[in-house]
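2 protein chains.
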Amino acid sequence: MDNTMLHFSKDEILASEKQFRTNLINTVSGFKSVCLIGTTNTKGQTNLAIFNSIVHIGAHPPLIGFISRPNTVERHTLNNILSTGVYSINLISSNFYKEAHQTSARYPQHVSEFESTQLKEAYLNDFMAPYVHQSPIKLGMEFKQKIDIDLNQTHLIIGEIQHIYCPDYCLDKEGNLSLEKANIIAGCGLDAYFSTTKLARLQYAKPDSSPTEI
Amino acid sequence: MDNTMLHFSKDEILASEKQFRTNLINTVSGFKSVCLIGTTNTKGQTNLAIFNSIVHIGAHPPLIGFISRPNTVERHTLNNILSTGVYSINLISSNFYKEAHQTSARYPQHVSEFESTQLKEAYLNDFMAPYVHQSPIKLGMEFKQKIDIDLNQTHLIIGEIQHIYCPDYCLDKEGNLSLEKANIIAGCGLDAYFSTTKLARLQYAKPDSSPTEI
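Chains A and B supply the protein sequences, listed in that same order.
For the first sequence, numbering that gives the first Met the number 0 begins at 0 and goes up steadily by one.
For the second sequence, numbering that gives the first Met the number 0 begins at 0 and goes up steadily by one.
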C-alpha cells in the first residue's frame, strides 16, 4: 500500500461528521444507475422521483429492484406503487439530467414534479403509470414484492418488467442495449453525473483462454 | 413516440430466445457498479469473483448489499461469506478490468482466481478476507444478513463497512470520492466496460431554484 492511501476504520467512519459520512458511503460503492421512477396515486396525481439504487434481480423472470428509504420524498413513490401496483423506470440521458436531479427537491405533495420541471408525462399502451417523454429507455413495471430491511428500516421493492421501450439504433441482434448510444448517464453519490466511453466488450470468460475483446 | 422506438411487451420478452432476453434485461437497467468480491474459506483457499449487482443500502449504519445468484460460480463467494463472516469489495479501474472480467470463468473450486489472473492478494490490518492489491478503492465488509428472494431464488447479501481504503487525491473535504480520478469503471450488462467523464455535480435541489452546478 503506497503512502497516499487513506484508511478509515469503522470507528472512524461512525465518528465522522454526518454529511461527510453520507457522502463517503454514497460514493464508495462505485458508479450507479440513475433513473426516474414515475407513479400516480389513485386520484391521478402524478409523482416523479430520481433513484440511484436500481439493482438487477434476474432475467428469468425479468425482475428489477430498488431501495426505498424510510423517510424521504421517495415515500410518495412507494405509497403510489403499493396503491396502484405499477410504476415506470426511465433511464436518464445527458439531455435532461439537470431536470432529473431537480425532482429530488422537496415539493409539496400536491405538486407533481412533472409540472415543476420541463419533463413531460407520456402514457403508452394503456399503462396507468406515467413515463418520462424525454427518456430514451423506458420500462413499465408491475410491483411484485416489498422486502423490509430491518437493519435500517429501508425496503427492497421488486417489480417485474411488463414493457420495454428503447431506440432501435441501440439494440443489437443479441439483445444488448448500447446505453452510450442513447447518451444514458451514470451517477456517483448523490449529486455527480457522468457520460461514458466504452473501453471494450469482452467475450464470455473461459479458464483456458485470456480475456478477448468482442 | 418516434417511429424508431421499439416496444417489447412482457409476452414478447418471455417468448424471446433465452440469451437475447438475458442480454436485454441485464442492459436495460442502466450502468452498474462492477467490483471484485474477495473471500477465503476456513482452510485459507481464496476466491475472487466479479459482481455487478452492488447496491447502496444506507449510510447510517454504513451498509452495502449485493445480489447472489442461486447456481453460479458466485456460490463460492456466498459460502465463504457465510462461513467466515467477512469479505472485501474492490472497485475496478481501467488498468485491470480485463483481469477482473476473467474471474468470471468457471475455474475448479481448488483454483483461486488470484492465482489464475494477474490480480494479487493484499492483506490489511489483520482482516481475514483478501483484498485486490491493484484496486484503488477497497472495502472490508462484515456480513450482516442474507435475505432470500423467493421470486427467483436469489439472495440479497447485506454487509456493514468495517474498513475503507482510498487514495487521498480522490477524497474531498466533504467526503465525496472522485471515482473518475482513480479511473474506476462502470459496467453495462455482462460484458461491457466504460470509462467516465464528469458532466457536473449539482447542488442540493430546492423547489424554488433551478439546478445549479457546484
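By construction, these hints were calculated from the structure, which means they are not laboratory data.
One or more of the hints may lead you astray.
Which copy is meant is left open, so a pair is good if it fits within one copy or across any two.
Claimed, not checked - 25 angstroms max Cα-Cα, derived DSS-like pairs, lysine-lysine:
#1 9 with 97
#2 143 with 17
#3 143 with 180
#4 119 with 42
#5 42 with 143
#6 42 with 197
#7 205 with 9
#8 180 with 145
#9 197 with 145
#10 42 with 172
#11 180 with 119
#12 172 with 205
#13 172 with 9
We went through each hint and held it up to the structure:
1. 9 with 97: Intra 34 angstroms, inter 31 angstroms, cutoff 25 angstroms: neither.
2. 143 with 17: between (34 angstroms within a copy, 22 angstroms between copies)
3. 143 with 180: Result: close neither inside a copy nor across copies, 31 angstroms intra and 39 angstroms inter.
4. 119 with 42: Close inside one copy (19 angstroms), not across copies (58 angstroms); limit 25 angstroms.
5. 42 with 143: within (22 angstroms within a copy, 40 angstroms between copies)
6. 42 with 197: neither (44 angstroms within a copy, 40 angstroms between copies)
7. 205 with 9: neither (38 angstroms within a copy, 33 angstroms between copies)
8. 180 with 145: neither (33 angstroms within a copy, 37 angstroms between copies)
9. 197 with 145: Neither: 35 angstroms inside a chain and 34 angstroms across chains, both beyond 25 angstroms.
10. 42 with 172: neither (42 angstroms within a copy, 45 angstroms between copies)
11. 180 with 119: Within one copy, since 22 angstroms is at most 25 angstroms while 35 angstroms is not.
12. 172 with 205: Only inside one copy: residue 172 and residue 205 sit 23 angstroms apart there, 43 angstroms across copies, limit 25 angstroms.
13. 172 with 9: between (47 angstroms within a copy, 19 angstroms between copies)
Violation of the numbered hints given earlier is confined to hints 1, 3, 6, 7, 8, 9 and 10; the remaining hints are satisfied by the structure.
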